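Enquirer: Produce the complete structure using the sequences and hints provided.
Residue numbers (my numbering), protein chains in the order written: chain A, 756 to 1005; chain B, 18 to 240; chain C, 215 to 273.
If you're looking for bench data, these hints aren't it; they were derived computationally from the structure.
A few of these clues could be false.
Heads up, incomplete: computed chain A residues facing chain C, CB under 10 Å, no partners named [what the hints assert, rightly or not]:
#1 F867
#2 T872
#3 T880
None of the values given here were measured: they were computed from a predicted structure.
Every residue, glycine too, gets a C-beta built ideally from N, C-alpha and C.
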Amino acid sequence: MERVEVQRSGGIWRYAAPAAFYPLAGKLAPWFFALAIVLTVVGLYIGFFVAPTDFQQGESYRIIFIHVPAAWMSMFLYLIMAFWCGVGLVFNTRLSFMMASALAPTGALMTFIALWTGSFWGRPTWGTWWEWDARMTSELILLFLYIGFMSLHAAIDEVRRADRAAALLALVGVINVPIIYYSVKWWNTLHQGASVSVTAGSKMAPLMLQGMLIMSLAAWMYCIAVALMRVRAIIVEREAGAAWLNEAVA
Amino acid sequence: MTATAFWTLLKRDLLLALRRRADVLTTFFFFVIVVSLFPLGVGPESDLLRSIAPGVIWVAALLASMLGLNRLFASDFADGTLEQMLLTPAPLGVLVLAKVLAHWLVAELPLVMVAPLLGLQLDISTEVVKVMWVTLLLGTPTLSLLGAIGAALTLGVRGGGPLLSLLVLPLCVPVLIFGAGAASAVAAGQDVQAHLSLLTGFLLCALVLAPVGAAAALRIALD
Amino acid sequence: MNWGSAQAFFDMGGYGLYVWGSYGMTALGILLEFYLVRRRRRMAEAQSHRRQLLDEDNT
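Expert: Dropping the structure here:
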């Protein structure tokens, strides 16, 4: 692949250098955490104390305030991760790869939470701990994609090669995700007829929707905060010994 | 010039593979053994076996392909031939295609040819066997092409084989779904046009895109 | 307010296990992640510090 060297110095491009991004991330992260906490409190307050009991599912539906945000984040984070991988491969910027590596574990956690909460929601609603419906199965495969990304990166000793190989894998993955999703959806309708997933068929009261949206925002804030924290750790790991770092960390 | 490179490489790889028959045969027997394990695992009741057979054979084929793909670039990498390939004027994607084709002919075509026998062993009807055979014929090249990307990414990396499988198996899910699904559809008396069209579509896309991806991965591995 | 008493809240209409099992695992995951990232950063800083000392020794 052709390497395009981008030389920009002023304005926002300054932050493409790890040395400049490190303090910025350090200043921003606490704010995002604070926002996450505030939004979570508000969201869960609405979710537990304002939103009414669901007509069909009783109190068990309250799991959606975590399940849906986690599922959305698991997908968004993969897309953003793949985006940074693409940027890194085209522009050869170190920080892009670091950002992708920073996002992966959080994405995997979100996927795991989506699966766990989906399972705990499915059990009282549908009777089984696991339902091979389109969303759950696709979510499971997404988890494998995250794990694959992290495993490949961890298995290659030379950092530059690890970054670029994992980046290519992420791009191949992101192209395949829609294909996988639609294949699984089709497979599911074939084998189980009109099988309904846990999120379908329930009409959401406005308050439930509100709570869910606020929790989704909270999830976004949390993920950004953790990613900023983690990228700082990665910057320190990789730039160990650099002069600017010694001053910043001393 | 590119065509010559393609045929030369194809012939070379076939020749090398024939000299190392042992590698190829182990993959073949792995496939056969894995299929035989399922009746031992789930019981010999023929109705059950008949219903799971196409899926079992497909999964076994999938696993067997993953096994063999490790070797795709390994020996060329070890003796420096791969670096030479990067330097030739012929597009790397074309060379990858030649290697994958050689690999498929030697390692996977035998699986495809023996699958009907295994199908009969699991008591599938001839209707279903025919469809299963066609899906394997269309699907296994796609698996090889996807696997080539994985093989290039994991070149010389610790944890090679299992890591390759971990990376590539999720990508193979659509092929598996429509490949095995076609056989089930026939067993249920449904039409399989859609399945076969999709499998062909996957194959065509893989033929064009996978060599590009694998070439990029090789460059990343060798830079 | 939806809940008559604290007991009713924990009970979640009989679905307590599922609701709290979900929220509990989520909280656990988040706390674990937070802790692991902090630890990663601390270890990286310690490593960097050691490198710095080594470099100083060598100059």
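Enquirer: For every hint, state whether the structure bears it out.
Expert: Hints and how they fare:
Evaluation of the F867(A) hint against chain C yields a held restraint, the C-beta minimum of about 7 Å falling below 10 Å. Interface restraint check for T872(A): the shortest CB-CB distance to chain C comes to about 4 Å, inside 10 Å, so the restraint holds. Given the 10 Å rule on beta carbons, the hint for T880(A) holds: about 9 Å separates it from the nearest Cβ of chain C.
Of the numbered hints given earlier, the model fails none.
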